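Chains as they are written, first to last, in this note's numbering: chain X, 2 to 226; chain C, 16 to 374.
Keep in mind that the hints were calculated from the coordinates and are not lab data. Being a predicted model, the structure only gives us computed values, none of them experimental. Mixed in with the good hints, there may be bad ones.
[Claimed, not checked] FRET-style restraints, in silico, Cβ to Cβ:
(1) C:Ser179 to X:Lys15: 47 to 57 angstroms
(2) X:Ser131 to C:Arg32: 26 to 36 angstroms
(3) X:Arg41 to C:Arg67: 50 to 60 angstroms
(4) C:Ser27 to X:Arg41: 17 to 27 angstroms
(5) X:Gly202 to C:Thr142: 52 to 62 angstroms
(6) C:Arg127 to X:Ser131: 16 to 26 angstroms
(7) X:Val45 to C:Ser27: 22 to 32 angstroms
(8) C:Arg127 to X:Leu7: 54 to 64 angstroms
(9) C:Ser179 to X:Leu204: 51 to 61 angstroms
[Claimed, not checked] The following residues of chain C were derived to be distant from chain X, with all beta-carbon distances above 10 angstroms:
(10) Thr56
(11) Leu96
(12) Met122
(13) Ser289
(14) Thr309
(15) Cys352
For every residue, glycine included, the Cβ atom is placed at its ideal position computed from N, Cα and C.
Chain residues, written in single-letter form:
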Amino acid sequence: MDNADLGAVWLTFKLAAVVTALLLLIGTPIAWWLARTRSRLKGVIGAVVALPLVLPPTVLGFYLLVAMGPQGPVGQLTGALGLGVLPFTFPGLVIASVFYSLPFMVQPVQNAFEAIGERPLEVAATLRASPWDRFWTVAVPLARPGFLSGAMLSFAHTVGEFGVVLMIGGNIPDRTRVVSVQIYDHVEALEYAQAHWLAGGMLVFSFLVMLALYSFNPLGRRANQ
Amino acid sequence: MSEDIRACFHVSRGDFRLDVDLTLPGRGVSALFGPSGSGKTTCLRAMAGFDRAPDSLFTIGAEIWQNEAKGIFVPTHQRALGYVFQEASLFPHLSVRRNLEFGQKRMAVAERRFELDAVADLLSIATLLERMPEGLSGGERQRVAIARALLAAPRLLLMDEPLSGLDIRRKQEFLPYLERLHNELSIPVIYVSHAPDEVARLADHLVLLDNGRAVASGPLGETLARIDLPPAFADDAEVVLATTLSRHEADNLSQLEFEGGCIRIGRRPEALGSRLRCRIQASDVSLALDQPRTSSILNILPATISAISPNDMPGYVLVQLRVGAIPLLARITERSCRELRIAIGQPVWAQIKAVALLA
Numbered sequence: 002m003d004n005a006d007l008g009a010v011w012l013t014f015k016l017a018a019v020v021t022a023l024l025l026l027i028g029t030p031i032a033w034w035l036a037r038t039r040s041r042l043k044g045v046i047g048a049v050v051a052l053p054l055v056l057p058p059t060v061l062g063f064y065l066l067v068a069m070g071p072q073g074p075v076g077q078l079t080g081a082l083g084l085g086v087l088p089f090t091f092p093g094l095v096i097a098s099v100f101y102s103l104p105f106m107v108q109p110v111q112n113a114f115e116a117i118g119e120r121p122l123e124v125a126a127t128l129r130a131s132p133w134d135r136f137w138t139v140a141v142p143l144a145r146p147g148f149l150s151g152a153m154l155s156f157a158h159t160v161g162e163f164g165v166v167l168m169i170g171g172n173i174p175d176r177t178r179v180v181s182v183q184i185y186d187h188v189e190a191l192e193y194a195q196a197h198w199l200a201g202g203m204l205v206f207s208f209l210v211m212l213a214l215y216s217f218n219p220l221g222r223r224a225n226q
Numbered sequence: 016m017s018e019d020i021r022a023c024f025h026v027s028r029g030d031f032r033l034d035v036d037l038t039l040p041g042r043g044v045s046a047l048f049g050p051s052g053s054g055k056t057t058c059l060r061a062m063a064g065f066d067r068a069p070d071s072l073f074t075i076g077a078e079i080w081q082n083e084a085k086g087i088f089v090p091t092h093q094r095a096l097g098y099v100f101q102e103a104s105l106f107p108h109l110s111v112r113r114n115l116e117f118g119q120k121r122m123a124v125a126e127r128r129f130e131l132d133a134v135a136d137l138l139s140i141a142t143l144l145e146r147m148p149e150g151l152s153g154g155e156r157q158r159v160a161i162a163r164a165l166l167a168a169p170r171l172l173l174m175d176e177p178l179s180g181l182d183i184r185r186k187q188e189f190l191p192y193l194e195r196l197h198n199e200l201s202i203p204v205i206y207v208s209h210a211p212d213e214v215a216r217l218a219d220h221l222v223l224l225d226n227g228r229a230v231a232s233g234p235l236g237e238t239l240a241r242i243d244l245p246p247a248f249a250d251d252a253e254v255v256l257a258t259t260l261s262r263h264e265a266d267n268l269s270q271l272e273f274e275g276g277c278i279r280i281g282r283r284p285e286a287l288g289s290r291l292r293c294r295i296q297a298s299d300v301s302l303a304l305d306q307p308r309t310s311s312i313l314n315i316l317p318a319t320i321s322a323i324s325p326n327d328m329p330g331y332v333l334v335q336l337r338v339g340a341i342p343l344l345a346r347i348t349e350r351s352c353r354e355l356r357i358a359i360g361q362p363v364w365a366q367i368k369a370v371a372l373l374a
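The shape of chain X in the complex, shown without the other chains:
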């Protein structure tokens, strides 16, 4: 592995870590709302969140590119704020990845919140806990397996993305060139040996994440408590 490869690995890790952290912040309130609401909007919002599961990454990447480009609404906003345009930058890649991995965070966390049911929260209310207090001291600890699954899946899914990165990030070393793109470049250049190192590494990493998810996931153990 040369420096370019190591740079790609580091960038990929950084991207996945930032995206997972952001998804915990953004995905949790969405999951909470979806788990508890009786609003008719639940179906619509749920479907929008799940879209990246079925949409070709190029479609998502294309619209984000248009929106964040100099003529797009987001692009004009970021331009007016003096932030420049986001495509082909690391922050642009982060935003695109957040959308792309959103269902992988929201769905496990939403399921975990739903599995808790009303009862523990009602009990906490009778024990003087305010809604905010109940959320942190009862809902979040009881949904921990969901957060664990969501974080692992989001991280791994961001590491594994390719299409969205190509559309929105291009291929700029140390800024947007992640492992999957680097592998593509090696293969294009017929550098199979180097492609093997990175591809094999991805395979092992992905397997370990899935192994952890399926071996230690305590979601089932807590049921019927």
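Given chain X, put chain C in place with the hints provided.
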């Protein structure tokens, strides 16, 4: 009077309507009793503030927890109440001790009324404190749940069939703890149940709910002795006497005193002065116009007829009589009623064939 609990709820859910306007005593155990679907739990949930119904009012003493006419609704977490659910619903991620502390540590120290160790002793859970809820038996969990509710220093304790998840043996183990709460703490309890024996043992005040309405509400003895109730409640007509063990007699007998007089039963192991409740079924009481002097029945009390209900089982009437101020029920045949010319106000002798002790 000022400590009374006033509960006026109008809840509408699909086909079901709950319309109650209750005044409950500010001390002792008030039981909400009725068949399933009668609105007991709906009523209790409204008291806790889990569900907010329009046009409702809920006050306890001078505290107003809900008065929709004035737009007042205190959210559950600001009401000083304890709630014990059918299932113990302990927090699975916290040890027994931290479950117990959950409510306690959310209150100012000055507000706390009980010590954790004292409550743990009262409910015999002191040895379980460091365990996780997973490893506890059903009865242990429910005792922890009650202790947890008590430690939140409630003004009012709401219990939703806390025994229904327990088998008969556990229930028998558990009832004494509830009686102890009743005797040692001054917190009013509202107790939802559909089990007549629990109500007979625990309640001081009885509310009969049927199809979302309160068909009767009053002191236990008085309410059980009402003869104008729907058939669902009149089936096993009986009264409950609150008595005190006053004397052990020769021939292995014990004497129980109650406000209207005294009765004798087989010798009891309890100490003199113990409070005991006993149940007398209407079918175990017969009437005589003259004092029977040659009967094998031990408990024969002078009484006065206070009401007669002809609409009982075919061929029978239900008669309410008073021994002093205390009401009893007797189920006699229509023919006896006619031939003895039983009428309201008439003095009679009530012969009590069987007395069942509730312990």
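Outcome of the hint check:
Range check, Ser179 of chain C to Lys15 of chain X: Cβ separation about 56 angstroms, and the 47 to 57 angstroms hint holds. A beta carbon spacing of about 32 angstroms between Ser131 of chain X and Arg32 of chain C agrees with the range 26 to 36 angstroms that was offered as a hint. Taken as a hint, the range 50 to 60 angstroms is violated for the pair Arg41 of chain X and Arg67 of chain C, whose Cβ atoms sit roughly 21 angstroms apart. In this structure the hint that Ser27 of chain C and Arg41 of chain X lie 17 to 27 angstroms apart at CB holds, the actual value being about 21 angstroms.
One distance hint, 52 to 62 angstroms for the beta-carbon pair Gly202 of chain X and Thr142 of chain C, holds here, with the actual separation near 53 angstroms. Look at Arg127 of chain C against Ser131 of chain X: about 19 angstroms separates their beta carbons, and that is inside 16 to 26 angstroms. The hint said 22 to 32 angstroms for the Cβ distance between Val45 of chain X and Ser27 of chain C, and at roughly 29 angstroms that hint holds. The hinted window of 54 to 64 angstroms between Arg127 of chain C and Leu7 of chain X holds, with their beta carbons roughly 60 angstroms apart.
The hinted range of 51 to 61 angstroms is satisfied by Ser179 of chain C and Leu204 of chain X, whose Cβ atoms lie roughly 54 angstroms apart. With a least CB separation of 12 angstroms from chain X, Thr56 of chain C remains clear of the 10 angstroms interface cut-off, as annotated. At roughly 6 angstroms from the closest C-beta of chain X, the C-beta of Leu96 of chain C falls inside 10 angstroms, breaking its exclusion from the interface. The Cβ of Met122 of chain C sits about 6 angstroms from the closest Cβ of chain X, inside the 10 angstroms cut-off, so the non-interface label is violated.
The Cβ of Ser289 of chain C sits about 34 angstroms from the closest Cβ of chain X, beyond the 10 angstroms cut-off, so the non-interface label holds. The beta carbon of Thr309 of chain C sits about 60 angstroms from the closest Cβ of chain X, which is more than 10 angstroms, so the claim that it is off the interface holds. Annotated as non-interface, Cys352 of chain C keeps its C-beta farther than 10 angstroms from every C-beta of chain X; the closest such distance is 51 angstroms.
In this structure, the earlier hints numbered 3, 11 and 12 are contradicted, and the remaining ones agree with it.
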